[in-house]
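Colleague: Spelled out from the first residue to the last, the chains are:
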Amino acid sequence: MPGSLTLWFLVLQRLGIALLTLLIVSFAVFFATELLPGDVAQILLGQAATPEAVAGLRHAMGLDEPAILRFFGWLAGLVHGDLGTSYVNKMPVAQLIGDRLINSLKLAGVTTVVSVPISLLMGIAAAMWRGSIFDRVISTLTISLISVPEFLVATLSVLVFAVWLGWLPALSYGADTSSFTALLKAYAMPVITLSFVISAQMIRMTRAAVIETINTPYVEMALLKGASRRRMVLGHALPNALGPIANAIALSLSYLVGGVIIVETIFNYPGVAKLMVDAVSTRDLPLIQSCAMIFCVSYLSLITLADLIAILSNPRLRH
Amino acid sequence: MKELSQTDPLVRVRDLKIGATTDSGRSVEIIKGVSFDIAPGEIVALIGESGSGKTTIALSMMGHARTGCEIRGGEIEIAGRDVAQMSERARAALRGVDVSYVPQSAAAAFNPSKRILDQVIEISAIHKLMPKAKAEAKAVELFRALKLPDPDTIGSRFPHQVSGGQLQRLAAAMALIGDPKLVIFDEPTTALDVTTQIEVLRAFRSVMELGNIAGIYVSHDLAVVAQIADRIVVLKGGEIQEVGETQMILDAPEHPYTKELLAAFEPVRHEALPISARAEKTPILKVQNLWAGYGPKRNGEPMAKVLRNIDFSLMEGRNLGVIGESGSGKSTLARAIAGILPAYRGDVLIDGHQMPPELAKRRKEDLRQTQIVFQLADTALNPAQSIGAILSRPLAFYHGMKGAQAETRVIELLDMVRLPATLRYRLPGELSGGQKQRVNLARALAAEPRLILCDEITSALDTVVGAAVIELMKELQRELKLSYLFISHDLSTVEAICDDVLVMYKGEVVERMAADKMASDATHPYSRLLISSVPKLDPGWLDGLEQDPELIARFANR
Numbered sequence: 001m002p003g004s005l006t007l008w009f010l011v012l013q014r015l016g017i018a019l020l021t022l023l024i025v026s027f028a029v030f031f032a033t034e035l036l037p038g039d040v041a042q043i044l045l046g047q048a049a050t051p052e053a054v055a056g057l058r059h060a061m062g063l064d065e066p067a068i069l070r071f072f073g074w075l076a077g078l079v080h081g082d083l084g085t086s087y088v089n090k091m092p093v094a095q096l097i098g099d100r101l102i103n104s105l106k107l108a109g110v111t112t113v114v115s116v117p118i119s120l121l122m123g124i125a126a127a128m129w130r131g132s133i134f135d136r137v138i139s140t141l142t143i144s145l146i147s148v149p150e151f152l153v154a155t156l157s158v159l160v161f162a163v164w165l166g167w168l169p170a171l172s173y174g175a176d177t178s179s180f181t182a183l184l185k186a187y188a189m190p191v192i193t194l195s196f197v198i199s200a201q202m203i204r205m206t207r208a209a210v211i212e213t214i215n216t217p218y219v220e221m222a223l224l225k226g227a228s229r230r231r232m233v234l235g236h237a238l239p240n241a242l243g244p245i246a247n248a249i250a251l252s253l254s255y256l257v258g259g260v261i262i263v264e265t266i267f268n269y270p271g272v273a274k275l276m277v278d279a280v281s282t283r284d285l286p287l288i289q290s291c292a293m294i295f296c297v298s299y300l301s302l303i304t305l306a307d308l309i310a311i312l313s314n315p316r317l318r319h
Numbered sequence: 001m002k003e004l005s006q007t008d009p010l011v012r013v014r015d016l017k018i019g020a021t022t023d024s025g026r027s028v029e030i031i032k033g034v035s036f037d038i039a040p041g042e043i044v045a046l047i048g049e050s051g052s053g054k055t056t057i058a059l060s061m062m063g064h065a066r067t068g069c070e071i072r073g074g075e076i077e078i079a080g081r082d083v084a085q086m087s088e089r090a091r092a093a094l095r096g097v098d099v100s101y102v103p104q105s106a107a108a109a110f111n112p113s114k115r116i117l118d119q120v121i122e123i124s125a126i127h128k129l130m131p132k133a134k135a136e137a138k139a140v141e142l143f144r145a146l147k148l149p150d151p152d153t154i155g156s157r158f159p160h161q162v163s164g165g166q167l168q169r170l171a172a173a174m175a176l177i178g179d180p181k182l183v184i185f186d187e188p189t190t191a192l193d194v195t196t197q198i199e200v201l202r203a204f205r206s207v208m209e210l211g212n213i214a215g216i217y218v219s220h221d222l223a224v225v226a227q228i229a230d231r232i233v234v235l236k237g238g239e240i241q242e243v244g245e246t247q248m249i250l251d252a253p254e255h256p257y258t259k260e261l262l263a264a265f266e267p268v269r270h271e272a273l274p275i276s277a278r279a280e281k282t283p284i285l286k287v288q289n290l291w292a293g294y295g296p297k298r299n300g301e302p303m304a305k306v307l308r309n310i311d312f313s314l315m316e317g318r319n320l321g322v323i324g325e326s327g328s329g330k331s332t333l334a335r336a337i338a339g340i341l342p343a344y345r346g347d348v349l350i351d352g353h354q355m356p357p358e359l360a361k362r363r364k365e366d367l368r369q370t371q372i373v374f375q376l377a378d379t380a381l382n383p384a385q386s387i388g389a390i391l392s393r394p395l396a397f398y399h400g401m402k403g404a405q406a407e408t409r410v411i412e413l414l415d416m417v418r419l420p421a422t423l424r425y426r427l428p429g430e431l432s433g434g435q436k437q438r439v440n441l442a443r444a445l446a447a448e449p450r451l452i453l454c455d456e457i458t459s460a461l462d463t464v465v466g467a468a469v470i471e472l473m474k475e476l477q478r479e480l481k482l483s484y485l486f487i488s489h490d491l492s493t494v495e496a497i498c499d500d501v502l503v504m505y506k507g508e509v510v511e512r513m514a515a516d517k518m519a520s521d522a523t524h525p526y527s528r529l530l531i532s533s534v535p536k537l538d539p540g541w542l543d544g545l546e547q548d549p550e551l552i553a554r555f556a557n558r
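Listed in order, the protein sequences are those of chains H and Y. The C-terminal residue of the first sequence carries number 319 in full-length UniProt numbering, and the numbering is unbroken. The C-terminal residue of the second sequence carries number 558 in full-length UniProt numbering, and the numbering is unbroken.
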């Protein structure tokens, strides 16, 4: 099979696997939420409701149909962009999530733009001057940051920047965002906190991936051609480390959508993670399911993207 | 800096000392005061076994020491300038321009993600020697001089798109692009098949002669060195044992170690054991119309068919050699016989009993009778287990031995392979290559087999060490009445231990003949090509060698 055909076959296969995974995940999400204790109709109507009223509401909400039928109905809705209606306030789930998702994506986007270039730069630089003071400082710092829980980072930065120094607003949401500097200020603290958490991992993984390729015979060959350290690392090692680096970045970024509940809570930032936790406390099944699916889709697409980059950066497949 | 006169050497090494710091922080001396000269245009071979320091010395000519090593003393003068005293920046300026390097494995030394031509002309880009177009034109000239196919377009390919022999010549072009005064060849043909090696050696020699370039040729193979070097430096343990003109070293070696190296080349005649009456009737191994391959199966046939219709038998107490080049299916044959790769057609009979193709369906008793020893002892031994534990495993599995009984047997087994009993407490990482291969052999013996499949077991060992392992195998055969299926690409090793030889080419057995009459009896054109391609200890061998170009075009793996 010629190289390019194999390449497209692998790409299609990877996309197929992603779709299949998504189907399995949706199945798991739907039935896991079904297992949540408590009856929705009962909760909505309160303790005083008569059994007839509860049964009537169950029927009206379609809850008395077999679970598997409701699953397919829900899945068909998802495919058409219909996320269902919230049990609690009767609003379409899509509308509830809409603004929150944009908020979450804004935060994730800004954090990505800040942390990815810095992490790559630091990771590659640490690998380039392996064993130097700079490398050791970076290694020590990143390992310390990984070990510190993020609520501590968040709380400490509120304490320092908002309470003692008064430079930044403690709450991001509802803060003044009229001018660019004000916007910058509003986002600074959650972005810094999140960047700390995800950069440490990215720096370490990038450093490891680059060092692994630096130890190959072709980089030694470049040295024996008289190449500078910069040429050896950027020209020879880095292109061959793209696959593992893309994977490290994807893993770290996937955390930004679903895993930021602590940061959203501390800074009172209305994102999707916070919405989902609220939904769990009110047993708003359609909302929980949709949030879970959003997290899964974002995670899956990042990982798939990283895999595709790894496949596409492999010269044996490309040529 | 003094002017270089006609009689001055190009390279002048005096009392060179290179040391290393081990992981445990201990300091060891690797090169213990080495001195030699190289005249302009002269090719000097550094010969020795692994650990002799030959590559370390060669790399120091470029001011490079591998991780953990450092140049600790002495002078390395290249064209009047001392590399040992230079700054790293000055060394970088020297690399590729004054001294350049041809690596052992070009396949590993080419960056997989860049086009060949860009890598070949990289030296001229780094040192700003000439415009890109001119460098590319020069590279194409070099490709032509090195007899590469499609010289105009081969550079636009990626490393994985050309063969090993071609890559090795492309690596030479890469080394020559900056018109160096000295080229270091680090075992450049060791990884190649013999039929490929000839063409590469010829190409190297002609470009070196044409440009009057001096060279350091690092190798463990005296026969290869004899074809290319003017002088030979014999190294052992980081010290020079003997230096002399190539012909002198070959004809009248003075140092005992040189004599030992040369002796390892002497063909050792193998005498067959007397065959017992019973064994004459049933062969210990009979292979009938065997087909095997890899990949997903369609209609019961795998995508990649590797073995085609293999047919042979091996009588008890006899040894059968399997020779052929890389990709000929030698190792696959061993795997199919052992059941690791189930054959999809044909039969394997061991001592007259038909074996199921799959390993899992074979009886324990059948498994016990046939053992396999792999090429790389490093990877075949679990690094986390002691030698004792490794040898106890088959004892428990096949014979149910435990405790003191097993320990006694482990000591016996180690004694059989001439290793001290205390070795059982060691980990594989603490053993030398030869010792590891002996442990590997002992593990096979633990099962008390009748047939041992040996897959290139001496290929990764030094000549002298490998010869000792062969000697041991012969002794074991006499004591234990073993039979060997001996797979190797090295014809002289096969000659030393085998009664008969199968020649394999592209998954088929093309010929079977007596091992001691390979040179005279071979009739198949491929066998003749293969046998005539093995270098001889005669400096005139390569010049005198005439091979039918049609045969080469048909069979050689270039």
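Accuracy of the hints is not assured; some may be wrong.
[Said to hold, decoys possible] Sample of chain H residues lacking proximity to chain Y, with all beta carbon distances greater than 12 Å (derived): (1) Ala-48; (2) Glu-65; (3) Tyr-218; (4) Ala-237; (5) Arg-316.
[Unchecked claim] Partial pick of chain H residues on the chain Y-facing surface, computed with a CB cut under 7 Å: (6) His-236; (7) Pro-239; (8) Pro-315.
[Said to hold, decoys possible] Here are a few chain H residues that sit away from chain Y, every Cβ distance over 10 Å (derived from the structure): (9) Gln-201; (10) Pro-217; (11) Thr-265.
Since the hints were made in silico from the structure, they are not lab data. Every residue gets a Cβ at the ideal spot worked out from N, C-alpha and C, and that includes glycine.
Colleague: Which numbered hints turn out to be false for this structure?
Modeller: 3, 4, 5, 10
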